[in-house]
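Visitor: Here the numbering used here runs 1027 ahead of the position in the sequence shown, where the first position is 1.
Derived by calculation from the structure, the hints in this document are not laboratory data. On a predicted model such as this, the values are computed, not experimentally measured, just so you know. Keep in mind that the hints are not guaranteed to be accurate.
What the hints assert, rightly or not - Below 27 Å or equal to it, Euclidean Cα-Cα: the simulated DSS-like pairs (lysine-lysine) are:
id	residue 1	residue 2
1	Lys-1050	Lys-1121
2	Lys-1180	Lys-1194
3	Lys-1180	Lys-1164
4	Lys-1050	Lys-1164
5	Lys-1180	Lys-1193
Unchecked claim - FRET-style restraints, in silico, Cβ to Cβ:
id	residue 1	residue 2	range
6	Asn-1028	Tyr-1129	20 to 26 Å
7	Ala-1162	Tyr-1115	22 to 28 Å
8	Gly-1041	Gly-1132	29 to 35 Å
9	Ala-1162	Thr-1040	23 to 29 Å
10	His-1131	Gln-1179	45 to 51 Å
The C-beta atom is built at its ideal place from N, Cα and C for all residues, glycine as well.
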Amino acid sequence: NASISVVANYLRTGYLWENIRVKGGAYGAFCPFSSQTGVFAQVSYRDPNLEQTLNVYDGLADHLRHLEVSQEEVTKSIIGVIGNMDAYQLPDAKGYTSLSRYLHGVTDDYRQQRRDEVLSTTPQAFQELGDLLQAFKEHGRVVVLGSAEAIQKANATQEQPWLTVKKVM
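Let the hints inform the model, and build the full structure from the sequences given.
Guide: Take a look at the structure:
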């Protein structure tokens, strides 16, 4: 459901900004959701505190499950998501967007359905995503694209090293 995008926008501009950017010193943090693939990722970049960031993401499910968000805050996040959906585009960007939608089979009906889901987001969606993230937490995987040094440093604080360094490029 595209209401996940509303929750992700709320997290990016609040919880993640405060805990990963401000307190942790990362350049940025966000949690993109693709309604086409169902992928919900948790991302930080230029992040000097890998372990702290992983702990913040680990606590995300509980944060959402116990969060009391007002309808006003939900509305602000809805406006942010709709603003991204309807962002102004120069002619070349419009052409690229049209081509991409065509190649991926994104129809106007699909886009309208997604818009309707965004516009109908309620505070309950926050708890529902928290429940979903709890299930991912119990059965999901952690992947870190970063330096071997940062991964080894995060492992050094654990009784059992749980991150494995693999060179991918």
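Visitor: With reference to the structure, classify each hint as holding or not holding.
Guide: Here's how the hints hold up against the structure:
1. Our distance criterion of 27 Å between C-alpha atoms is broken by Lys-1050 and Lys-1121, whose separation comes to about 38 Å.
2. Taking the CA atoms of Lys-1180 and Lys-1194, the gap is near 17 Å; set against the 27 Å cutoff, the hint holds.
3. Only pairs whose Cα atoms come within 27 Å are accepted, and Lys-1180 paired with Lys-1164 is accepted, the gap being roughly 22 Å.
4. Note on Lys-1050 and Lys-1164: the hinted pairing holds, with a Cα-Cα distance of about 23 Å set against a maximum of 27 Å.
5. Note on Lys-1180 and Lys-1193: the hinted pairing holds, with a Cα-Cα distance of about 15 Å set against a maximum of 27 Å.
6. Under the hint 20 to 26 Å, the C-beta atoms of Asn-1028 and Tyr-1129, about 24 Å apart, fit the expected range.
7. Between Ala-1162 and Tyr-1115 the C-beta distance comes to about 38 Å, which lies outside the given range of 22 to 28 Å.
8. Here the CB-CB span from Gly-1041 to Gly-1132 is close to 34 Å, well matched to the stated 29 to 35 Å.
9. The hinted window of 23 to 29 Å between Ala-1162 and Thr-1040 holds, with their beta carbons roughly 25 Å apart.
10. At about 39 Å, the CB distance of His-1131 to Gln-1179 disagrees with the hint of 45 to 51 Å.
The structure does not agree with the numbered hints 1, 7, 10 stated previously, though it agrees with the rest.
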